[in-house]
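Peer 1: Read off the chains here:
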Amino acid sequence: MNLKDLLSPFFVWQRAFEKPYTSIRPTIDRPGAPAYRGFHINIADTCVGCGSCHEICQNHAIDMVAVEEYLGREGDSGLRPRFDYGRCCWCGLCVDICTAASLRMSNEYAWISEDPTVFHFTAGVDDKPWQDNENGYRRAEGYHLYPPKRIEMEMLPANESVSSFEEVVKGYSEEQAKKEADRCVECGICVATCPAHMDVPDYIHSIRDGNYEKGLQLMYRTNPFPATCGRICTRRCESVCPVGILGEPVAIRWLKRLIVDQVDASDYQRILADTITENGKKIAVIGAGPGGMSAAYYLRKKGYAVTVFEAQESAGGMLRYGVPSYRLPDNDLDKDIDYIVSLGVEIKYNTAIGKDIKFEQLLENYDAVFMSTGLSVPSSMRIHGEDHPRVLSGLQVLADVANGRDPGIGKKVAVIGGGNVAMDAARVSRRFDAEVTILYRRRISEMPADEEEIHESQEEGCRIVQQAIPVEIVSADSEQQVAIRWGEAEMVDDPKGGRPRPVLQEDRMHTDTYDSIISAIGQGSNLDYISKEMHEEFAIEWGKFTPGEYQHTTLEKVFVGGDFANSTADAISAIEDGHHAARGIDRYLNPAAYEEK
Amino acid sequence: MNTVDEILDYAIDQEQQAADFYEDVAQRAETAGMKKILLDFSKEEKRHKKILIDVKAGEHELSPEQEVLDLKISDYLVEVEASDNITYQDALIIAMKKERAAHKLYSDMAAKVPESHLKEVLEGLAKEEAKHKLFFETEYDERVLMDN
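First to last, the protein sequences are chains A and B.
Residues 1 to 597 (my numbering) make up the first sequence, in order.
Residues 1001 to 1148 (my numbering) make up the second sequence, in order.
Bound-form chain A, shown alone (with noise of 0.2 angstroms):
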């Protein structure tokens, strides 16, 4: 060893002094690019929670937590994404996949920490620095990974439609569907909004592998009204699908429709395979519209002897005579009601309980009954000269029409109301060639009906005049007329907070003349086949039922569901009405087999 080597590692000591190159931290910030993709940031108030970020992420740097702040709100899964960024590679599939475009990135990146566990949070949770950062990364307006538009749906042009009663959705082709079913992500939102918790995105799903059978089997668990659903549903799950919160939610019931229109009634039977295994036991169903009809599948599903007691002369309810065939052809009502026949469900047609045979007579005759039996009698206007003979009902025009009689409305009609039964008839009457008015106390924007109808009998010619309200109706000069005095509203403002109030003004009347009027302003239930005594040992308010768990009422052996039990009134919370019941009636005939073991 010569005397360099030996002297050298003294020499390196000089550098102490020296100096340093470097520093312990950085002393001067270098920010991030402004658009650089540096820490996550979320808005967690309009984040829904979908879970799109956590699919698209190949890293699986995101999980998706429960935030109790979150937690139970409508279309919300109550889930906030956390991110790990041990995993992250900042690619930023997460902000472009976004749907409520809460997601972005901050151009912060330095995040020091001697403790290496800590690299994880829940972004606009978590107090976090960057929350509030105003540059980094964020989705180029305009730019979706998935389109934002739903395929168009092909319709009857509203002059073709008007003149038939041949249904005006066309349907989507399988490409079509195929394309639209891209559009899902798959979050599940819907299922939890959907009053039968329909699994929606696995019926979708099916459609991406074109595989209908499944989609069908995958239906029935929950709804044995597709077929019907698919038309006219009045779609929750569509108002909750976050693609619809930067586009337009993906078609959810037009979805279903292609999944039921592939499927020939004949394979239903194969595809499904319900085995029935009698168990004895006898139940009554009051009422063949969706509530009716949906416990009758489950219940038979269960072994149970079901017998369906219909006053009408074909089962439906309000599908069949309140729904005209332009929204709901009778084969596709018919599609759904004859597989649940199939397997072994009578229905006692023409048998008005109360009428033909007592409703105590079922208590006696069966193990439990179920009443469904809908909302069938219209709400009278109360206002002088409404019993007119031009003045008519919107359910009896639109039972007319679903029978095939003529309603004779005439060729000049007002129809009086907002709701679906309105527009419903409002569009009937056009399309019996007549010029149609429809009268209506407050504006378009809050009128009860779906959109879409509004939207349609507007495109049919129907005349809308909001903020009228009707105030008499008076005899014209012809006989087969009648003249209707209504009066301009304004909005005014509820002080206790409630929606705006029309109020009538006085100063600003009208007298219109008609061939006839139609009043659809709501409808109430008929429970007259309920002895007076009987009405007292049921809990009903404001003429509903308010049903226990599982649709019980405080009578031991009976159950209740739809229109006349629930606030929503439409088929799907039917339907689920008759589901649930169906379980609640198999637990207390059947209880130990739910018993914990």
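Honestly, the hints are just simulated from the structure, not real lab data.
What you are looking at is a predicted structure, and each value in this text was computed from that prediction instead of being measured.
We put the CB at the ideal spot given by N, CA and C, even for glycine.
Where hints are given, some of them may not hold.
[Stated by the list, open to error] What follows is a set of in silico ranges between Cβ atoms, one per label pair, in the way DEER data are often shown:
{"id": "1", "chain 1": "A", "residue 1": "E435", "chain 2": "B", "residue 2": "M1146", "range": "26 to 32 angstroms"}
{"id": "2", "chain 1": "B", "residue 1": "M1146", "chain 2": "A", "residue 2": "Y349", "range": "29 to 35 angstroms"}
{"id": "3", "chain 1": "B", "residue 1": "E1081", "chain 2": "A", "residue 2": "S164", "range": "42 to 48 angstroms"}
Given the structure of chain A, go ahead and fit chain B onto it with the hints provided.
Peer 2: Positioned in the frame of chain A, the structure of chain B alone reads:
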């Protein structure tokens, strides 16, 4: 009726009569649901009565200057009967019309009285009845005129 106390006694009696009326209809009502609703109406009238008793005792003041929204719903509805099978719609119509009549009575009386404490009380009673009418009209607007 010339004094404030006489007027208030009359108004209190009217509220009691209204409460009795609803109780009577409730007794006859065929359904348990309607019985409950009518008894609720009766309770509401008793609440009104209590307010007036408090006014008479000097524990509550009427506010004649307060603006009360008039939805005018009852103005054009037909008279209905309190039959045994009365519906909720008809029960509301009866209630609205009763409150409307009371409001009109006190308003007309106030118009005939010169400026005085008595006039103020009558105007206050008219406003009170207008509030009761608004309560029932709002209920009618919400529950009966849902689709209209």
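Peer 1: Decide, hint by hint, whether the structure agrees.
Peer 2: Structure-based check of each hint:
1. E435(A) with M1146(B): 26 to 32 angstroms: Check passed, 27 angstroms falls within 26 to 32 angstroms.
2. M1146(B) with Y349(A): 29 to 35 angstroms: holds, 31 angstroms
3. E1081(B) with S164(A): 42 to 48 angstroms: Taking Cβ atoms as reference, E1081(B) and S164(A) lie about 46 angstroms apart, which means the hint holds.
Against the hints set out earlier in the document, no violation occurs for any number.
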